[in-house]
Amino acid sequence: MANVQAAGSRVLDKIYIFYFLLLIPIALGIDLQDYYPVEWVPGALKFVREDWIRKSGDPFLRKGALGGEVQEAWFWSFTLLEAFFQVPVFFIAIYGLLIGTPKIYALTLAYGASTASTVIPCLATVFAIPTVTAATTSTLALTAQQKWIILGSYGPFFVFPLIMAVDSAVQLCARVGGGAGGRRKGAKEL
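Mapping the sequence shown onto the numbering used here, position 4 (from 1) lands on 4, and the numbers just tick up by one.
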């Protein structure tokens, strides 16, 4: 275990801190606007969200775009997960990484796996939405450019949390004797 770096001291840990700091205003200011009273949302944040919807055609933030409340329930359940799990994790993870506790990797593993898993249906939905052509009759159709905008925006929120989950698992294994020299006597290798 001598070659295990202290939690919070690795370059990736510093990137995680920056990532979580970046996500706090995005989640609270943009993603979760639908849960606030309208008068609580500053005009500038309303504009940013409306402009994003106008440019990207984002079907997840455009109410009714996916066919109504039943079809959209899965996405709105993800926004509740964002509000009540992910946002608290942002603050706890920043603190845990700053003070260097290795216990934080259990939480970042859970966060990374959960977040990557919730983005997959979003990406699949964007791929499944018809692309606008001369023959398109769907009101849900997106232009090819809009699809690329959405995929370019949502894709990193699949890739980065997935990397975080794998890295956190590696960090946990290294700390609990998962390395070659840390096996219990008589334990079998996986």
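It is possible that part of the hints are untrue.
Distance condition first, Cα-Cα at most 30 Å in a straight line; then the derived DSSO-like pairs of lysine-lysine [stated by the list, open to error]:
(1) K63 <-> K46
(2) K147 <-> K55
(3) K46 <-> K147
(4) K103 <-> K46
(5) K103 <-> K14
In short, the hints are calculated from the structure, not lab data.
Hint check:
1. K63 <-> K46: Given that 30 Å is the threshold and the Cα spacing comes to 14 Å, the pair holds.
2. K147 <-> K55: 11 Å, holds
3. K46 <-> K147: Roughly 22 Å between the alpha carbons, so the hint for K46 and K147 holds.
4. K103 <-> K46: 38 Å, violated
5. K103 <-> K14: Between K103 and K14 the Cα gap is close to 16 Å, so the pair holds against 30 Å.
In summary, the structure is inconsistent with hint 4 from the numbered list given earlier, while agreeing with all the others.
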